[in-house]
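> Please model the entire structure based on the sequences and the hints provided.
Quick note: the sequence shown uses our numbering, first residue 36, plus one each step.
Honestly, the hints are just simulated from the structure, not real lab data.
You may find that some hints are simply not true.
Distance condition first, Cα-Cα at most 35 Å in a straight line; then the derived DSBU-like pairs of lysine-lysine [what the hints assert, rightly or not]: (1) Lys-199 - Lys-181; (2) Lys-108 - Lys-182; (3) Lys-181 - Lys-171; (4) Lys-107 - Lys-38; (5) Lys-40 - Lys-181; (6) Lys-108 - Lys-171; (7) Lys-76 - Lys-199; (8) Lys-162 - Lys-203; (9) Lys-182 - Lys-40; (10) Lys-182 - Lys-203; (11) Lys-103 - Lys-181; (12) Lys-107 - Lys-37; (13) Lys-108 - Lys-40; (14) Lys-108 - Lys-37; (15) Lys-38 - Lys-76; (16) Lys-162 - Lys-182; (17) Lys-171 - Lys-199; (18) Lys-76 - Lys-40; (19) Lys-103 - Lys-38; (20) Lys-38 - Lys-182; (21) Lys-199 - Lys-162; (22) Lys-162 - Lys-181; (23) Lys-181 - Lys-76; (24) Lys-76 - Lys-162; (25) Lys-199 - Lys-105; (26) Lys-199 - Lys-182.
Label-pair ranges, simulated between beta-carbon atoms [as the list claims (entries may be wrong)]: (27) Asp-172 - Tyr-41: 56 to 66 Å; (28) Pro-196 - Lys-38: 41 to 51 Å; (29) Val-100 - Gly-140: 18 to 28 Å; (30) Ser-138 - Ile-47: 20 to 30 Å.
Here a beta-carbon is modelled for each residue, glycine too, at the ideal position from N, C-alpha and C.
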Amino acid sequence: MKKEKYLLFLSIIFLCIGLAFGLIASHYYSLTYRSYDAVSKVYYFLMGVFLYAGVVLLVLYYIFVNIKNKRKKLLFSSIALFVMIFLMIFRLSTPLTYSYISSDGRFQIETCPGKGISYNYVQDRFKEYFQSAENKDVYLCRTFSKKWYDLFGWPWYLFHPRWKLPYKYQQNTD
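This is the structure:
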């Protein structure tokens with residue numbers, strides 16, 4: 036039973052360290068608005084490693100406490116590790132794009148960090164649109180919602196300015 040307690044303790048420690056790195060990364064961004072420089076990437080990577088390690092340890096703790104058969108423990112542990120590794124690779128390999136729209140619906144833009152279209156670029160383009168708009172009550176809205184199942188997003192929801200924009204539902208026309 037001692038091994039299981041160590042797994043639980045380590046998982047809690049890893050989750051706390053991961054969240055701390057996430058808070059540091061997102062707070063660093065809120066101070067500098069440079070999300071893709073080397074410092075931010077290191078914090079973001081460390082956040083992912085520690086969060087996933089914590090989740091894996093929690094799953095292993097659950098398996099070791101609730102399953103008594105050694106073969107089933109090995110099988111479920113292997114499946115859990117495979118799924119977590121797959122999710123981490125998938126999460127780190129997919130690009131994050133966010134789409135924005137003006138409150139009047141006449142201005143639309145997407146961020147694509149790999150192509151140099153950052154949140155700052157979106158803000159600059161919207162300022163240009165705002166200056167040329169007839170209606171000065173127009174404001175920028177996000178068309179994406181928070182995904183609470185995504186552990187990576189939690190710290191960003193607190194500090195990144197994109198999450199302070201009002202949400203506007205936009206139906207896909209594709």
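> Return the numbers of the hints above that this structure violates; sort them in rising order.
The structure breaks hints 6, 11, 25, 29 and 30; every other hint is satisfied.
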